[in-house]
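Enquirer: Sequence:
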Amino acid sequence: MKHYDVVVIGGSAAGLTAAITARRHYPEKSVITVRIEEQVVIPCGIPYIFGTVPGPDKNLIPDAALDKNGIDLLVGKVTDIDREKRAITTDKGDQVGYDKLVIATGSVPIVPPFPGRELPGIFAVEKSVPYLNRMLEALNNAKDLVIVGCGFIGVELAEECKRSRDVNIKIVEMLRHCLQLTYDVEFSIQAEEALK
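According to this note's numbering, the sequence shown holds residues 1 to 196 in order.
Hints listed in this document are in silico derivations from the structure and should not be mistaken for laboratory results. Cβ atoms here follow ideal geometry from the backbone N, Cα and C, with glycine treated the same way. Just so you know, nobody snuck in bad clues.
Quick list of the computed label-pair ranges, beta carbon to beta carbon:
1) A194 - G106: 23 to 31 Å
2) P62 - D94: 17 to 25 Å
3) I122 - K196: 20 to 28 Å
4) T21 - G93: 27 to 35 Å
5) Y26 - G106: 20 to 28 Å
No more than 20 Å apart at the CA atoms, straight line, and that leaves these computed lysine to any residue pairs for SDA-like:
6) K170 - L195
7) K2 - D72
8) K170 - I189
9) K162 - M135
10) K127 - P62
11) K77 - S107
12) K162 - N133
13) K85 - D99
14) K127 - E156
15) K100 - T89
16) K29 - A87
17) K2 - D94
18) K143 - S164
19) K127 - P112
20) K58 - L136
21) K29 - D5
22) K100 - T17
Hey, can you work out the whole structure from these sequences and the hints?
Expert: Quick look at the structure:
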């Protein structure tokens, strides 16, 4: 089993930042990032792959940032953390020991438990290049689009989808106004008018 001073689980925005920060503050320490994805999309840029950016492959965090900072990379899903032995295990059987462990796995979309959510043509916005390519292909063939959630991602996704294709878009939000978790009612109403 290989041992590192710092093991970071997660290779997207938070994981990369944690690994680089550890390396910069403790240049003598060994650091490794463990992530599921072969390629990592820039999370805040995901809505733009449906309009401005020509696809998921043009919205990637380059692995050069790891190389430049002397951070090792292991691709695999962490399936076990043994806190007593201070070791992680991946789905491929890799075991890595650690002195310090950072869990920076990011978020996953909440999919409401409505019937039919597993049917073709229904997508959550996941951070996987192959998944986003399937979503983009389905969207390019769609005439009607319903977006559930009118926060930043829902609004950005609606704007980008309308920018580059002729599609009818409806946004469904459980709160009274869009962007209501971030802005006051007056500004939320102005945002709704701009969306219309």
